[in-house]
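> Sequence:
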Amino acid sequence: MMTTSPSEKAERAARLERQLSRLFTWTVLIGAVAWGLLAAVIGTVTVIGQLITDRFAVTLLADAPLPASASAGTARLTSGTFDSADVTIAGLSTLPRFLLTLEGSTALATTLLVSATVVYFCWTVLRRRPFTRPVFWLVALVGYALIIGTILGQGFGGIGRMIAAGELNGDPIDGFWPMATLVDLAPAGTGLVLLVAAGAISLGQRLQRDTDGLI
Numbered sequence: 001m002m003t004t005s006p007s008e009k010a011e012r013a014a015r016l017e018r019q020l021s022r023l024f025t026w027t028v029l030i031g032a033v034a035w036g037l038l039a040a041v042i043g044t045v046t047v048i049g050q051l052i053t054d055r056f057a058v059t060l061l062a063d064a065p066l067p068a069s070a071s072a073g074t075a076r077l078t079s080g081t082f083d084s085a086d087v088t089i090a091g092l093s094t095l096p097r098f099l100l101t102l103e104g105s106t107a108l109a110t111t112l113l114v115s116a117t118v119v120y121f122c123w124t125v126l127r128r129r130p131f132t133r134p135v136f137w138l139v140a141l142v143g144y145a146l147i148i149g150t151i152l153g154q155g156f157g158g159i160g161r162m163i164a165a166g167e168l169n170g171d172p173i174d175g176f177w178p179m180a181t182l183v184d185l186a187p188a189g190t191g192l193v194l195l196v197a198a199g200a201i202s203l204g205q206r207l208q209r210d211t212d213g214l215i
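Numbering (the numbering used here), first residue to last: 1 to 215.
Calculated from the structure, these hints are not laboratory results. Keep in mind that the hints are not guaranteed to be accurate.
Label-pair distances were calculated between CB atoms; the ranges are [to be verified]: (1) 73 - 37: 44 to 52 Å; (2) 105 - 180: 19 to 27 Å; (3) 185 - 64: 20 to 28 Å; (4) 49 - 193: 32 to 40 Å; (5) 186 - 112: 16 to 24 Å.
As the structure is a prediction and not an experimental result, all values here were calculated from the model. Think of the CB as a built atom: it goes at the ideal place given N, C-alpha and C, for glycine as much as any other residue.
Modelling step: build the complete structure from the supplied sequences, incorporating the hints.
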C-alpha cells in the first residue's frame with residue numbers, strides 16, 4: 001500500500017490552490033470584459049436614444065401624499081408621501097439636455113475605465129506580475145475618476161434635473177416638483193479606497209524591485 005508523504009500532500013494542495021486561483025482570475029477577467037462591453041452598449045444606446053427621441057428618463061424628487069387606495073385594506077396608514085418619481089420628459093431646453101447627457105457620458109467613461117483596470121490587473125496576476133507600474137497608474141486614475149466623476153457627473157446631472165423640474169412646473173414658486181436633487185457620494189468613497197489601494201500597490205512595487213535586486 002502506497003502512502004503519500006507530507007511534502008507530496010503539500011505540493012498537491014499548492015498545485016490545486018494555484019489552479020483554483022487561475023480559474024477565479026480568469027472568471028473575474030471574463031466577467032469584467034463582459035461587464036464593460038455590456039455597459040458600453042447600454043450606455044451608448046441610452047445616450048444616443050435620448051438625443052434622437054428627445055425623451056430623457058430621469059428620477060425627480062417629489063413630495064405628494066399617498067392616494068386613498070393605498071390604505072383600502074384592513075390595515076391603516078397613519079402617514080405617507082412619495083419622495084421620488086421616475087419620469088420620462090420630452091421638450092426640454094438645450095441646457096438640461098446637455099447636462100443630463102454629460103452625466104450619462106461621464107458614468108459610461110468611468111465604468112469603462114474601471115472595467116479596463118480590472119481586466120489589466122487580472123492579466124498581470126495571470127502573468128505573475130501583479131505589481132507592474134501601469135497597474136498603479138490605472139488604479140490611481142480610476143480612484144481619481146470616481147471621485148471627480150461623482151462630483152462633476154452627478155453635479156451636472158443634478159443641475160439638469162433641477163432645471164427639468166422647473167420647466168415641468170412652469171410656476172417656479174408653486175410647482176409640483178421640488179427644486180432639489182439627490183447626490184450619491186458612495187462612488188467617491190470607493191474612489192478613496194482605490195487611492196489607498198494604489199498606495200499599497202506602489203509599496204508592493206518597491207518590495208518587488210528590492211526582491212529582484214537580491215536575486
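> When you take the CB atoms of residue 105 and residue 180, is the distance between them in 19 to 27 Å?
holds (24 Å)
> Looking only at beta-carbon atoms, does the pair residue 49, residue 193 fall within the given range of 32 to 40 Å?
Distance hint for residue 49, residue 193 holds at roughly 33 Å.
> Can you tell me whether the CB distance of residue 186 to residue 112 sits inside 16 to 24 Å?
holds (19 Å)
> In this structure, is the beta-carbon distance linking residue 185 and residue 64 contained in 20 to 28 Å?
holds (27 Å)
> Lying within 44 to 52 Å: is that true of the beta-carbon distance residue 73 to residue 37?
holds (46 Å)
Of the numbered hints stated above, none is contradicted by the structure.
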